[in-house]
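Required output: the full structure, derived from the provided sequences and hints.
So the protein sequences, as listed, match chains A and B. Take the first sequence: its position 29, counting from 1, is numbered 32 in my numbering, and each next residue is one higher. Take the second sequence: its position 306, counting from 1, is numbered 309 in my numbering, and each next residue is one higher.
Because the hints were derived from the structure by calculation, they are not lab data. All C-beta atoms, glycine included, are put in the ideal place defined by N, C-alpha and C. Incorrect hints may have been included.
Computed cross-link-like contacts, DSSO-like style, restricted to lysine-lysine with a CA-CA straight-line distance of at most 30 Å [what the hints assert, rightly or not]:
no.: 1; chain 1: A; residue 1: K169; chain 2: B; residue 2: K219
no.: 2; chain 1: A; residue 1: K188; chain 2: A; residue 2: K169
no.: 3; chain 1: B; residue 1: K206; chain 2: A; residue 2: K219
no.: 4; chain 1: B; residue 1: K188; chain 2: A; residue 2: K169
no.: 5; chain 1: B; residue 1: K219; chain 2: B; residue 2: K206
no.: 6; chain 1: A; residue 1: K188; chain 2: B; residue 2: K169
Computed footprint of chain B on chain A; a stretch qualifies when at least three of its residues, placed anywhere within it, have a C-beta under 8 Å from a C-beta of chain B [claimed, not checked]:
no.: 7; stretch: 131-142
no.: 8; stretch: 149-163
no.: 9; stretch: 303-309
Which chain A residues face chain B? A few, computed with CB under 8 Å, are given here [said to hold, decoys possible]:
no.: 10; residue: F92
no.: 11; residue: L145
no.: 12; residue: R168
no.: 13; residue: K169
There are 2 protein chains.
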Amino acid sequence: MRILITGGSGFLGALLARTLLQHGQLGGGPVNELVLADLQPPPDDLLADGRVRALTGALIAQCVGLRGESFDAVFHLAGALSAECEADFDLGMRSNLDSTRALLEAVRAAGNVPRFVFASSLAVYGSDPGLPLPQIIREDTLPTPQSSYGVQKFICEQLVADYTRKGFVDGRSARLVTVVVRPGKPSGAASSFLSGIMREPLKGEFAVCPVPPETKVALASPARTIAGLIAVAEASRDALGGRIAVNLPALTVSVSEMLDALESAAGTQARALVLLQPDAEITRIVGGWPAVFDNTRAARLGLEPDPDFLSILRAYQADHA
Amino acid sequence: MRILITGGSGFLGALLARTLLQHGQLGGGPVNELVLADLQPPPDDLLADGRVRALTGALIAQCVGLRGESFDAVFHLAGALSAECEADFDLGMRSNLDSTRALLEAVRAAGNVPRFVFASSLAVYGSDPGLPLPQIIREDTLPTPQSSYGVQKFICEQLVADYTRKGFVDGRSARLVTVVVRPGKPSGAASSFLSGIMREPLKGEFAVCPVPPETKVALASPARTIAGLIAVAEASRDALGGRIAVNLPALTVSVSEMLDALESAAGTQARALVLLQPDAEITRIVGGWPAVFDNTRAARLGLEPDPDFLSILRAYQADHA
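Written out as structure tokens, the structure reads:
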């Protein structure tokens, strides 16, 4: 199989790449070539694998060349992040909407109707001034996104559904919940702090929490997120149950429960490194995302949320000891 | 006030223009200039009005010039029709999605945040393989469009909502139901026959009905449709209740009830001119649209559905006697 991962050098993209290389297969087909498209080159461990090829540059420009290539599966993870899109509307439209459309057109031009997994986001949900969100979110809940990022993701879901209906791709959208704990530096995601308030204190560094501690959030570990993307890629159309996006399973916790887990894992001194400094814009964006999801549809694909936050934190500690 | 109507030479666009010129005002402001943008020049009666200016050509090309103009209100009615978009995917994406985006960008560039009314459609609704439609459609029902036209309309609604949230336009989307009875020739809309099976027999001509007579449809007269567009344009943000699209009120009838009304209005010989010749594709598209709507939100704007189909037919006869 030839597989394309856009955003393939990012945290999730690289982790997906490593997982696919380690499994050696996707849906029973051998992983022969893995193309990682990204603004940045892939990490060295991936470049060292003979099955990996790097495509470095802006996706929208690369899509012209991609028209000549046919892949068996495409994971489309590339895109601008939520806070970036809110700060720069045109950047978001270009990086999220135009790039996705260019990629869909490239895949359509190849003509072999591959599996196409679009990484959408829980950010499609938001509370419209005239329509408060229900307590529990299901896939038939109407998304009324309250950020440009969420709007762009929701629009791309519609495109993926229609390209699929037309037989141009075999598409499916998976809505990712906030992935924690991410290693590395803070990102342009409004939810970036949810990793930071764990990662920095574990290194003995200060971190800012810009939302009230009672804020509830929907989270998944990196491992469960990757498992979700692969399960959605491998699922039959029947198992998916239609073309609407699948909400990946979410663990619901409050920020203060996350801090309790930090204290359990690393002591009161670690917790004391988290500074509560509410930020109105981040609180508006993150607080507007729903926190409680009906995970039934994901469960039918064999996907379960992480059991508790402490297990997420302990896995992060084990991976980054 | 300076008002722009895209699709201003079409049936609805010209009717809206005539209505605004006749009222002489919109939301209390005098109608000083009415710009009608369309592929075709406006009808002579409109051109004869000193307040009317015609912009003839493709909208997407005109949007460059429109960037320098500021309007107080924009009615965006232009676009490719449902059957056209299903037959030519790229045409639909260009005429519906790209043109709407170019228009929103032109209006954003002018910088005066005008009222922007987007004419969406009940075609945003459809029964996804995994999610049958509920019996009664409300604005919080998740649209899962089953045509490219419906997808494009729904995407444009999302753009209008986000351009509004960002303060680029004061946008609102009104979902039109099928407008009957349209005069003139058949159009590229999958629903075109719903006018044809009345209009042609009234002239003593044959007409083909491509769906089973028990098919239920959601209809509105031209007059009620124009009243809906104007009410949505004039409504305050509070009265609209949020940024999600408003479903204009719909009269639900079966095709056989329409034929009964034709017989009442024009006799058995008129009804006999309607040939039942089911077409699978038209039946799939039109049969996939919901027929029963909860009209509560429209009613709060003072809008009511037509009382019955015979009154729609009699009004058409009076207008085209």
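Status of each hint after checking the structure:
no., hint, verdict
1, A:K169 - B:K219, "26 Å, holds"
2, A:K188 - A:K169, "41 Å, violated"
3, B:K206 - A:K219, "65 Å, violated"
4, B:K188 - A:K169, "29 Å, holds"
5, B:K219 - B:K206, "25 Å, holds"
6, A:K188 - B:K169, "29 Å, holds"
7, 131-142, "holds (count 5)"
8, 149-163, "holds (count 7)"
9, 303-309, "violated (count 0)"
10, F92, "6 Å, holds"
11, L145, "5 Å, holds"
12, R168, "7 Å, holds"
13, K169, "6 Å, holds"
Violated hints, in rising order: 2, 3 and 9; the structure is consistent with all others.
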